[in-house]
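Please model the complete structure; the sequences and the hints are all you need to start from.
Heads up: the sequence shown is residues 1 to 97, going by UniProt numbering.
Hints were generated in silico from the structure; no laboratory data involved.
Here a beta-carbon is modelled for each residue, glycine too, at the ideal position from N, C-alpha and C.
Be aware that one or more of the hints could be misleading.
Claimed, not checked - Between beta-carbon pairs, the in silico distance windows are: (1) R84 - H8: 18 to 24 angstroms; (2) T85 - L15: 17 to 23 angstroms; (3) A58 - T28: 15 to 21 angstroms; (4) T51 - N22: 30 to 36 angstroms.
To be verified - Each computed SDA-like pair below joins lysine to any residue, with the alpha-carbon atoms no more than 20 angstroms apart: (5) K67 - R54; (6) K66 - P32; (7) K67 - R46; (8) K66 - T51; (9) K66 - R46; (10) K66 - N22; (11) K66 - N36; (12) K72 - T6; (13) K66 - R44; (14) K74 - Q3; (15) K74 - D59; (16) K67 - P90; (17) K74 - R49; (18) K74 - L1; (19) K66 - L89; (20) K72 - R54.
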Amino acid sequence: LTQLRTGHIGLNAYLARFGAVNSALCQTCQEPETVNHFLLSCRRYRTQRDTLRRALFADGRQPLTKKTLLGKVKNRSCLLEYVRTTGRLPQYDDAQV
1 LTQLRTGHIG LNAYLARFGA VNSALCQTCQ EPETVNHFLL SCRRYRTQRD
51 TLRRALFADG RQPLTKKTLL GKVKNRSCLL EYVRTTGRLP QYDDAQV
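Quick look at the structure:
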């Protein structure tokens, strides 16, 4: 979770800074693949994000924010499940809250 907060995580925007990937852009959206993009707007993970929203909010309609996802202890297990189900960061598949 600390890496999601700081942005120092295996997403293209961070990895491109060190030449580990050729582009900082998301392969789906062609926007910088930042933590905000991964958590809040990437089209590739829309289904997983909708599941996350329903798990966090009874009506499933409230907007997700980085602060809501990373700032509330009770949301951490749902956030980790989102990360797991996207498959984008497999190094966190066994992460525990």
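Verification of the hints:
1. R84 - H8: 18 to 24 angstroms: holds (19 angstroms)
2. T85 - L15: 17 to 23 angstroms: holds (21 angstroms)
3. A58 - T28: 15 to 21 angstroms: With a Cβ separation near 30 angstroms, A58 and T28 fall outside 15 to 21 angstroms, so the hint is violated.
4. T51 - N22: 30 to 36 angstroms: Given about 31 angstroms between the Cβ atoms, the range holds.
5. K67 - R54: Within the cut-off at roughly 17 angstroms; holds.
6. K66 - P32: Within the cut-off at roughly 16 angstroms; holds.
7. K67 - R46: holds (19 angstroms)
8. K66 - T51: holds (16 angstroms)
9. K66 - R46: holds (16 angstroms)
10. K66 - N22: At roughly 26 angstroms apart (the allowed maximum being 20 angstroms), N22 and K66 break the hint.
11. K66 - N36: holds (7 angstroms)
12. K72 - T6: holds (16 angstroms)
13. K66 - R44: holds (18 angstroms)
14. K74 - Q3: Answer holds: K74 to Q3 is near 18 angstroms, not above 20 angstroms.
15. K74 - D59: holds (17 angstroms)
16. K67 - P90: Roughly 23 angstroms between the alpha carbons, so the hint for K67 and P90 is violated.
17. K74 - R49: Within the cut-off at roughly 17 angstroms; holds.
18. K74 - L1: Measuring from Cα to Cα gives roughly 13 angstroms; hence the hint holds.
19. K66 - L89: holds (17 angstroms)
20. K72 - R54: At roughly 16 angstroms apart (the allowed maximum being 20 angstroms), R54 and K72 satisfy the hint.
Violated hints for the displayed structure, listed by number in ascending order: 3, 10 and 16.
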